[in-house]
Amino acid sequence: MNAPPPSGFALYRPRAVAVGARDGTPITVGDRRLRVEAIREEWLIEDRWWTREVLRRHYFELVLEGGRCLTVFHDLAGGGWFEQRAF
Amino acid sequence: MIVGSLLIPRFSLIAALGDRREMLAEPAVLAPDPGAEQLIGETSGAAEAYGVRPGMVLSEALARCPRLSLIPPDPGRAELLWERSLQALEGIGAEVEPARPGEVFFAIGGLLGLWGLEPEGVLNKAARSIDSPARAGAGPTRFCAYAAASTSRVRRRRPLVISAALARSFLQPLEIGLLRNRLPGPRQAALRLVETLERLGVATLGDLAGLPRVAVADRFGGLGLRAHDLACGSDHPLRPRRPHEELLAALGLPEAAYGTQLDRALELLVERLVADPRRRGRTIRSLRLEAQLAGGGGWQAKVPMRSATAAPERLLLALGPKLAQLPAPASTLALRALELGPEGAAQLSLADERGDRRREQLSEATRQARAAAGRDALLRVVEVEVDSRIPERRAMLVPHSS
Chain A
8 MNAPPPSGFA
18 LYRPRAVAVG
28 ARDGTPITVG
38 DRRLRVEAIR
48 EEWLIEDRWW
58 TREVLRRHYF
68 ELVLEGGRCL
78 TVFHDLAGGG
88 WFEQRAF
Chain B
28 MIVGSLLIPR
38 FSLIAALGDR
48 REMLAEPAVL
58 APDPGAEQLI
68 GETSGAAEAY
78 GVRPGMVLSE
88 ALARCPRLSL
98 IPPDPGRAEL
108 LWERSLQALE
118 GIGAEVEPAR
128 PGEVFFAIGG
138 LLGLWGLEPE
148 GVLNKAARSI
158 DSPARAGAGP
168 TRFCAYAAAS
178 TSRVRRRRPL
188 VISAALARSF
198 LQPLEIGLLR
208 NRLPGPRQAA
218 LRLVETLERL
228 GVATLGDLAG
238 LPRVAVADRF
248 GGLGLRAHDL
258 ACGSDHPLRP
268 RRPHEELLAA
278 LGLPEAAYGT
288 QLDRALELLV
298 ERLVADPRRR
308 GRTIRSLRLE
318 AQLAGGGGWQ
328 AKVPMRSATA
338 APERLLLALG
348 PKLAQLPAPA
358 STLALRALEL
368 GPEGAAQLSL
378 ADERGDRRRE
388 QLSEATRQAR
398 AAAGRDALLR
408 VVEVEVDSRI
418 PERRAMLVPH
428 SS
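Protein chains in written order, with this note's numbering: chain A, 8 to 94; chain B, 28 to 429.
I should point out that these hints are in silico values taken from the structure, not numbers from a laboratory.
Yeah, the Cβ is synthetic: ideal placement off N, Cα and C, and Gly gets one too.
Misleading hints may appear alongside valid ones.
[Claimed, not checked] Cβ-Cβ distance ranges computed for the label pairs, FRET-style:
(1) B:137 <-> A:22: 37 to 45 Å
(2) A:90 <-> B:386: 35 to 43 Å
(3) A:76 <-> B:86: 47 to 55 Å
(4) B:47 <-> A:90: 50 to 58 Å
(5) B:426 <-> A:75: 28 to 36 Å
Chain B extracted, bound-state conformation (with noise of 0.2 Å):
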């Protein structure tokens, strides 16, 4: 399998900026999330030249570089660009994996003749279908590709191809930063993992990999297998995103409401959500609130629903306490559905058959899990050898299918 990588580098912050994007040229960064932890997003290329990177606690960025211009995250407007581009490589019929905002995978083997022979000329119209330029890449793996992408310029007439045969030559000799953005979890442990193996003299990949195994998982338990994994150019397969129909209402705010007004506004918007011919009688089973912050910046907020429902007043009482937690006045608001549940309400049933109820509740419990908490959140194990005398073989965990 090869698998594509298309990567817009500081694409959060260019969202932040908007068209001060001269601003770039200046050492700025992404502030802090509202009520996060005082950790700086992503930073200008003069940001960096004053030795301050992405992940950084910001008195230290601050000391580093006093001069530099903090920006209010705009997380709604990010999302809002990239999912553009997302549906633009979707339209040319890329299945794509989305990773962070100005990150993307996809598998090439379906578009080889569709847009070229090569790999080259698939990365190239998927460069182009989006709107800003992009770095491409692509190689056997995900973290492969990444790393091809990261390595190779914007505009660069061939992209960067790695074969199988030569991925892990290909890793080797890359900086042990790069798995900053790769690994699972909370941001701050895979940053805390790389910074260790910095400090203990790992720089590269390759040094990385040459590790014995067991050393690496005594050491840094199961993150830093993940990291050896990588490192050695094993990855886990792509897992594309279902193309999906965007249902948003948004309300601009004439001024800068709080309070009354915007619990107002919110059952305004929930109406429209509601109302939209596009939902087609579907319910709503997670939906996010978005707000652009009259002070610059953006919020949002998710809102797993603990069913899928389509009635105002239930999605009123999901989503109430979360517009409470509104850190400064908005300017605009939005409700964005981001995954619909099957058509009308639940059907209740005359006969009492208890064992057909049951697993309806489970299989609602196993949607809403997946809704909350991710795809990855539900898994079955699946006997595969019962029989092996190696015990690893015998089951695996697998997607829960409802």
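One chain only, chain A, in its complex shape (with noise of 0.2 Å):
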């Protein structure tokens, strides 16, 4: 069985994923290489600027080969691609 989640623990953390883009759109996802067949939408949060913590990010809402939807972002601040699933 695997250990509970410690208490104090942030919901919707995001996971880092695999994703190839081409000038950033992604179009592929994940370790199989799933094709992206669409982007249904996209857009920018910025926020934190005034800390040294910047945060940037360039979010994707996509429609993978098969037809699941996945959320993805880019962070443009620290690097690396994640998904998260709270949208």
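Hey, can you piece these two chains together into the complex? The hints should help.
Now the structure itself:
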């Protein structure tokens, strides 16, 4: 049995995901390189710019091959791609 | 917050050796627990000189040191001795968070002024309050305090106290092996993670902290992220235990007893525990059955009750199957109440108030889940910033209060 998550644990935490991108736009997602069929929406979030931990994210709501919907973002401040399941 | 830590190296091994402490100078290790995986426990310094490490497979340890002495573990005695130390610490006002026997953490803030104006004074007082010589250290987090205590020497005049500003630079040069005992979950997984990191050339905590967090998550998952957090100097806040009264009934068996003799001994223990005046009518939520084995070493089994009770027949029903798991004839049998419930038995209601009954059942289920699987077994979602554009700021998991 897995240990329960510790208390004080934030929900909807982003999880690192492998994304193949061209010009900043995702074209494949995951280790199995699922093809992105469509981008339903994209938006930018900038926050905490007044601190040293600036948060800049480029979100994409994707439709993958097989019909699965997934929200991913590109961390423009720290680098890397993440998936997040709260939208 | 300043967290203090006291460490007594090889505590479980010393407890199992009893009055044969001279064996610490020889290659000796705690033998694997009966019926468990064949992994050795704590090791003496002489065994470590042969390359034998805690958590190693028994056959490999014997291959490295053929004259290794295997000491039967005695978890009951280790818990008993450690509980005395914890109570001594609580006696000076410390709110303790015990880890495994030989490791304890406590907040220093509340003790400043009482035992000294500096953390060093409080640590010295805490170290003096327990019987065995301990390594003491303090830091802004539990892991930092652990690292400070691990690197300090026993009976050092000034314990090592690390400030928040220096925490990261203090942790950086320390070897990655410090994480072995501080990662959550199965010990084997923690050992594997540290071994893999060492093979990859990640030798120090600074090396690990310097790796991109994304890469650590990708390669090592949740456990890797936890290790990364610790290496970067962040840790969960302390969760001190509530001081509690010790309820224990023990029975020395005149000769190595087995079968019906043991059943009768268990009945006697249950009756003694239930009749203990310190129980003051409260019910028992979880117990631990402990035995000293006739061939040396000890055994113990935790028994959480489905509902808190003081009925001897229900306690016996729950304890009976555990007693059948006793691996060898016992010379002493003991029963310890770990957690007590409210006074008296559940009061039945004449009116059919389904809502109240359901709430009571849910509260009881909450308490049972906690008794069986720990305080973090049941959490609830609390909305923090519902409309935040950053999803991970919207809700948190916090302990569920019944």
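We went through each hint and held it up to the structure:
The hinted range of 37 to 45 Å is satisfied by residue 137 (chain B) and residue 22 (chain A), whose Cβ atoms lie roughly 38 Å apart. For residue 90 (chain A) paired with residue 386 (chain B), a C-beta distance near 38 Å keeps the hint of 35 to 43 Å intact. A hinted range of 47 to 55 Å for the beta carbons of residue 76 (chain A) and residue 86 (chain B) is consistent with their spacing of about 51 Å. For residue 47 (chain B) and residue 90 (chain A), the Cβ-Cβ distance of about 57 Å falls inside the hinted range of 50 to 58 Å, so the restraint holds.
Checking the proposed 28 to 36 Å range against residue 426 (chain B) and residue 75 (chain A) shows it holds: the Cβ atoms sit about 34 Å from each other.
Going through the hint list in order, the structure satisfies each hint without exception.
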